[in-house]
Structure formats: C-alpha cells, structure tokens
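A.B. asks: Now for the letters of each chain:
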Amino acid sequence: MKKIKCALIGSGNIGTDLIYKIQRSPVLEPVWMVGIDPQSEGLQRARDMGLKTTADGVDGLLPHVKADGIQIAFDATSAYVHAENSRKLNKLGVLMIDLTPAAIGPLCVPPVNLKEHADKQEMNVNMISCAGQATIPIVNAVSRIQGVGYAEIVASLASKSIGPGTRANLDEFTYTTSNAIEKVGGARKGKALAIINPAEPPMMMRNTIQCLCDDEPDQARITESILAMIAEVQKYVPGYKLVNGPLFDGKRVAVFMQVAGLGDYLPTYAGNLDIMTAAACRTAEMFAQEILAGTITLKPTLNTTAADAA
Amino acid sequence: MTTHLKGRKVLLHDMCLRDGMHAKREQISVAQMVKVATALDDAGVPLIQVTHGAGMGGNSLQHGFALASNEEYLRAVCPKMKQAKVSVLLIPGLGTMRELQSAYDCGARSVHVATHCTEADTSPQHIAFARKLGMDTTGFLMMAHLNDPDGLARQGKLMESYGAQTVYITDSAGYMLPDDVKARVSALRAVLKPETEIGFHGHHNLGLSVWNSIAAIEAGASRIDGSVAGLGAGAGNTPLEAFLAVCDRMGIETGVDLFKLMDVAEDVIVPMMDHVVRVDRDSLTLGFAGVYSTFLLHAKRAAARFGVSARDILVELGRKKMIGGQEDMIEDTAMTMAKERGLRENAA
Chain C
91 MKKIKCALIG SGNIGTDLIY KIQRSPVLEP VWMVGIDPQS EGLQRARDMG LKTTADGVDG
151 LLPHVKADGI QIAFDATSAY VHAENSRKLN KLGVLMIDLT PAAIGPLCVP PVNLKEHADK
211 QEMNVNMISC AGQATIPIVN AVSRIQGVGY AEIVASLASK SIGPGTRANL DEFTYTTSNA
271 IEKVGGARKG KALAIINPAE PPMMMRNTIQ CLCDDEPDQA RITESILAMI AEVQKYVPGY
331 KLVNGPLFDG KRVAVFMQVA GLGDYLPTYA GNLDIMTAAA CRTAEMFAQE ILAGTITLKP
391 TLNTTAADAA
Chain A
64 MTTHLKGRKV LLHDMCLRDG MHAKREQISV AQMVKVATAL DDAGVPLIQV THGAGMGGNS
124 LQHGFALASN EEYLRAVCPK MKQAKVSVLL IPGLGTMREL QSAYDCGARS VHVATHCTEA
184 DTSPQHIAFA RKLGMDTTGF LMMAHLNDPD GLARQGKLME SYGAQTVYIT DSAGYMLPDD
244 VKARVSALRA VLKPETEIGF HGHHNLGLSV WNSIAAIEAG ASRIDGSVAG LGAGAGNTPL
304 EAFLAVCDRM GIETGVDLFK LMDVAEDVIV PMMDHVVRVD RDSLTLGFAG VYSTFLLHAK
364 RAAARFGVSA RDILVELGRK KMIGGQEDMI EDTAMTMAKE RGLRENAA
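Protein chains in written order, with the numbering used here: chain C, 91 to 400; chain A, 64 to 411.
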C-alpha cells in the first residue's frame with residue numbers, strides 16, 4: 091500500500107519517539123529527520139533507523155521536499171522557530187503537524203475534533219501539549235453532557251521524561267494548555283498545573299482532571315461519556331487508564347488517569363511523550379487516509395499565510 | 064550560653080500570611096491580612112510574605128480557593144507597610160511570569176521562586192524576570208531532605224546563575240535533623256558566591272525548627288523564615304517569636320522587637336487559628352515520614368471521606384515519593400487504599 095512520506099523536524103525525545111510510531115503506521119513513512127547539530131545523538135539514531143538527515147535546520151530539507159515527495163511534516167522544535175518552519179513548508183504544500191506550544195493553527199485533540207480539521211483541510215494543526223492530550227478528552231466528555239464553568243488539570247510527570255525545552259518554558263506550557271481546556275475541552279475557564287517528580291524508579295505519568303459543572307452532575311451519563319472517551323483514546327494510546335473516579339462531590343467531577351507509554355524511545359513511565367507523539371501520528375494518519383483516498387489534496391499556501399500575519 | 068554567633072546579622076521573614084494560609088484552608092480575610100501585616104511591620108519584621116498558600120496562581124481546586132485574589136491581598140497590605148518589604152511565592156508550573164508582574168504592580172518587592180529540590184532548571188525564566196523587575200529574588204529549593212548536600216549545592220548554583228540573590232534550603236516536610244541542615248547549608252556556602260545569601264525555611268513537625276534554624280546560621284545562613292505563633296502547614300513553621308527569643312539570648316541581631324512579636328502571636332494570631340497548630344499524631348507523621356507539610360489537612364479530609372486514617376495516607380504518600388503540588392494524589396491514594404481494604408466511601 092502507498093504511504094505518505096513524512097519529515098520530522100527536531101531530533102530530541104519527541105522527534106525520535108515519532109520515528110518509531112510513524113514506522114509502524116500503515117499509511118505514513120518517515121523519510122527525513124531535521125536537526126541543527128551534526129553531532130546530535132538524535133540525528134545519528136535517525137540515520138541508523140534509515141532516515142535521511144540534515145543538520146542545517148528546515149532550510150536543509152526544503153530542496154528535497156519535491157524530489158522526495160514529502161507531504162506531511164512534524165515540528166518538534168520550539169514555539170520560537172515553528173512559525174518560520176511552518177511558513178516555508180506550507181508554501182511547498184506540506185501539511186504541518188505542530189508539536190510545539192506555538193499554536194498558530196487550530197488546536198487538535200484527535201477524539202474531540204480531528205475530523206473537523208481534516209474536513210476543513212487545515213494546513214497547520216497544533217497538538218497543544220502532552221498534558222492537553224491526556225486531559226482534554228475527559229473535560230470534553232463532561233462538557234458534552236452538561237455545562238462546565240471551570241476545568242482544572244494537574245499533570246504529574248517523571249523528571250527523566252522532561253527535556254530542557256519544556257523545563258525552560260513552563261509558562262508557555264501553562265498558557266497553551268489552559269487555553270485549550272477552554273477552546274477544545276469546552277470549559278468556560280481552564281487552568282493547567284504541571285508537577286515534575288524526580289522519584290526513582292520514575293513515576294508513570296498521572297493526570298487529574300476536575301470539572302465544576304454548572305448544575306448537579308448527571309452521574310450516570312457523565313460516567314458513561316467518560317468511559318466512552320477513554321476507549322476512544324485507548325485506540326491510539328493503549329496505556330491510557332482510569333485509576334480512580336469519576337468521583338462526584340457536589341458540582342465537582344474528578345477523574346484520576348494514568349498514562350503508560352509503549353516504551354518505544356523512552357521507558358513506559360514517559361506516557362506524556364507517547365500520548366503526544368501518538369496523537370500527532372493519529373492526526374497525520376487521518377489526513378494521509380484522506381489524501382490517499384483522493385478526498386483531499388494538499389495545496390501550496392500563498393506567500394501570505396496565517397504565519398506571516400502572526 | 065554559647066555566644067559564638069554574637070553579632071551575626073540575620074534577616075527574619077514571616078510566613079504566617081502565606082504558609083499560614085494552608086493552616087487556615089486559605090480562609091484569611093483581607094482585613095485580617097492587613098491587621099497581621101501592620102502588627103508585624105510595627106514589630107520591625109523586615110520581610111512579610113503575603114499570598115495564597117501555594118503562591119501566585121494558587122487559587123485552584125488543587126490548592127483551594129482563598130477568600131480574595133492575591134492582587135486584592137497585596138493591594139490592601141503593601142501600601143500600609145512603613146518599613147517591611149512584602150514578598151510573594153511563585154512556583155513555576157503553577158504560577159507564571161504574568162502573575163509575578165501583577166504582584167509587582169500591586170507592590171510586592173521580594174519573591175521566593177520555588178522548585179522541588181532537584182528541578183531548579185524549571186526556574187530560569189522566572190528568576191531572571193524577577194531580577195528584571197528589580198525584586199529581591201530568592202531561589203527556594205523545596206523538600207530539601209530529598210537531595211543530598213552536593214546535589215543541593217549544584218541546584219543552588221544553577222539558581223544563582225539564573226540571577227537568584229539568595230538560595231534557600233527548604234525543609235518542607237519538617238524532616239531534617241540539625242546535622243542534615245548544617246551539611247546542606249555548608250555545601251551551598253562552599254560553592255555560592257560570597258555575596259549570595261543562604262536562607263533556611265523550617266517546619267516544626269519534629270519539634271526541631273528553632274534548633275535547625277540556629278544550625279543553619281552556624282553553617283552560614285543569614286535569612287530565616289518563620290511564622291508568628293507558628294501559623295503554617297503541618298505543625299507550623301519555625302515559631303518566629305521563640306526563634307527571636309533564642310536569637311536575642313545568643314546575641315544574633317535581627318532588629319525585631321521581641322515583646323511586640325510575642326504580643327502579635329498571642330493577641331492576633333492565636334485567636335485566628337481554626338485548630339491549635341502543634342506537633343500532633345498527623346503532623347508528626349509528616350516529619351517522621353518526610354511528607355510535604357501542606358498535605359496534612361488534605362489527608363484529614365480524605366480520611367473522613369474514605370475511611371482510611373490520615374496517618375496511613377501520609378505514610379503511603381511518603382512511600383510513593385509524592386512531592387509538593389501533588390495534592391490531587393492524596394484523594395487518589397485514599398481511594399485506592401479504600402478499594403484495597405474493601406471500604407465504602409462515606410457520603411460527602
């Protein structure tokens with residue numbers, strides 16, 4: 091079966107884990123890995139796994155996009171360089187899956203709104219954050235039943251799974267995730283908290299989701315909705331597991347989740363890495379299936395893109 | 064009486080309007096804040112921390128909702144201060160630079176930028192930003208018993224490199240013994256620049272906070288956090304009036320009036336308390352098991368609902384190495400323990 095060729099930008103934890111996920115995909119094929127340091131371990135590993143590499147940033151990839159038939163790119167660099175990467179690749183008709191907190195394009199949580207973005211043929215979709223992917227489905231599962239005035243999530247992450255980029259930019263993580271809890275989760279106000287725990291052996295990623303409903307929660311319907319949503323996420327993150335709850339306490343609904351990863355690049359405790367890369371991969375697959383079926387065609391964007399305007 | 068510390072100058076930093084918020088379930092009113100801060104200012108306390116117990120951004124289901132916003136508290140307190148500087152707490156991952164800017168705009172001029180004792184590298188943006196604002200900037204290494212002296216020295220050095228003017232050893236669990244404190248402060252003193260100050264923030268869970276604070280001074284600390292009447296999480300912070308009496312006896316210079324501080328404790332703080340903040344079965348468990356002091360009241364609430372004792376919950380949280388900010392794991396742990404024991408939940 092024909093596969094859609096992909097480029098990975100950023101050779102850190104996320105980019106490397108993505109190689110494993112994309113290699114397993116029936117519709118995606120990883121072809122290029124883009125870095126900025128020729129000595130980086132990530133680029134070496136990508137070469138060992140059969141990818142072409144460049145250490146010249148996205149400009150090193152551009153001359154090869156056409157010849158190698160690259161149609162989808164994953165950006166796992168930083169919010170600061172994403173806009174420029176996206177503009178250059180969109181211009182060549184490459185769809186951009188954004189794993190940085192830049193969020194130029196619409197925010198995507200696959201079981202909540204992926205279909206909508208594919209139908210609109212968006213050329214840049216943003217994956218929010220690991221905590222966003224792990225918690226927003228649950229917020230949405232409550233808000234689709236009844237009004238949620240406030241939703242708050244706490245993501246506890248193993249210290250070993252958090253790279254230098256996230257550490258140095260915790261505020262961006264907070265802003266992007268809080269915003270997405272509202273925009274995609276459907277809560278009128280959202281708040282995101284992150285905890286980095288250094289325990290040895292490393293703790294599994296844990297997420298607590300709490301919603302304050304406008305009225306007394308309909309326990310049966312909310313429970314059913316949450317369980318259905320968990321099953322949807324499990325289709326692409328098998329280690330997404332309900333530990334406790336839903337707990338009902340007045341208007342509060344609390345859900346306690348654990349995310350075990352597949353152990354591709356980092357060990358299974360780094361569920362945060364997996365849920366991000368798996369969601370990005372799932373998103374790319376949905377677009378790829380549409381491209382292969384001929385229902386959508388990626389078109390080069392004009393010079394003046396949303397990125398330019400931003 | 065030993066007088067080897069005679070003439071040492073130490074800056075006292077009161078925590079009852081921040082750490083004390085934990086002991087009051089965040090229910091201190093704006094009027095009470097003003098009353099307490101004014102009295103502390105009058106007694107000569109040079110630094111007074113005023114925020115939600117979890118600091119900027121603290122208002123949440125996770126940490127409780129206070130009676131007023133941090134901005135409302137700061138705007139009421141700051142203009143009333145005659146000599147004291149008002150400080151805030153900021154924990155990256157919870158509070159943000161926008162909130163720090165807002166605290167500054169309301170009159171705060173000092174900040175504890177706090178991280179877990181191994182995660183200093185989550186604070187560079189916030190420390191640099193505080194310095195840019197011109198704030199008296201402290202790097203605050205929490206749960207410091209969970210890192211060894213050399214590790215803490217490396218973390219403190221990082222914070223200094225980001226711009227921190229003071230680095231704190233923070234005994235959030237009230238677990239350390241005086242020798243633990245000395246070893247950690249000495250390790251910091253050995254690597255930090257001479258002009259970088261060292262501070263110690265204690266909790267009284269083992270009844271050692273006054274002695275630990277003196278040990279810190281002996282090893283080179285020049286700032287001590289405490290709380291009038293000990294109003295703080297767990298068995299409270301270092302009781303500031305008791306510590307001050309010891310300082311006076313030892314000739315340590317603080318510039319604070321002991322009798323005035325005793326009066327604030329007795330006449331203002333003690334009548335405000337919802338429960339007597341002291342070493343009891345549960346707060347002692349915190350100090351014994353090395354658990355974050357703020358977990359105390361959360362564990363008692365979960366115990367009432369799920370029928371597992373607070374002590375059992377706290378010991379389990381210590382075993383699972385839960386750290387500050389993981390209050391959600393208290394309810395989760397209690398639910399899991401109740402399930403394992405076949406208990407049924409009490410109606411909320």
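Just to be clear, a hint being listed does not mean it is correct.
Under the rule of at most 27 Å between Cα atoms (straight-line distance), these lysine-lysine pairs were calculated in the DSSO-like manner [as the list claims (entries may be wrong)]:
{"no.": "1", "chain 1": "A", "residue 1": "Lys-384", "chain 2": "C", "residue 2": "Lys-341"}
{"no.": "2", "chain 1": "C", "residue 1": "Lys-331", "chain 2": "A", "residue 2": "Lys-145"}
{"no.": "3", "chain 1": "C", "residue 1": "Lys-210", "chain 2": "C", "residue 2": "Lys-325"}
{"no.": "4", "chain 1": "A", "residue 1": "Lys-384", "chain 2": "C", "residue 2": "Lys-331"}
{"no.": "5", "chain 1": "A", "residue 1": "Lys-383", "chain 2": "C", "residue 2": "Lys-250"}
{"no.": "6", "chain 1": "A", "residue 1": "Lys-145", "chain 2": "A", "residue 2": "Lys-98"}
{"no.": "7", "chain 1": "A", "residue 1": "Lys-145", "chain 2": "C", "residue 2": "Lys-341"}
{"no.": "8", "chain 1": "C", "residue 1": "Lys-331", "chain 2": "A", "residue 2": "Lys-383"}
A short, non-exhaustive set of chain C residues, derived as facing chain A with CB atoms under 10 Å [to be verified]:
{"no.": "9", "residue": "Lys-92"}
{"no.": "10", "residue": "Lys-93"}
{"no.": "11", "residue": "Lys-95"}
{"no.": "12", "residue": "Ile-126"}
{"no.": "13", "residue": "Pro-128"}
{"no.": "14", "residue": "Tyr-170"}
{"no.": "15", "residue": "Leu-260"}
{"no.": "16", "residue": "Gln-300"}
Rather than coming from a laboratory, the hints here were simulated on the basis of the structure.
For every residue, glycine included, the Cβ atom is placed at its ideal position computed from N, Cα and C.
A.B. asks: Of the hints stated earlier, which fail here?
C.D. replies: The structure breaks hints 1, 2, 7, 9, 10, 11, 12, 13 and 14; every other hint is satisfied.
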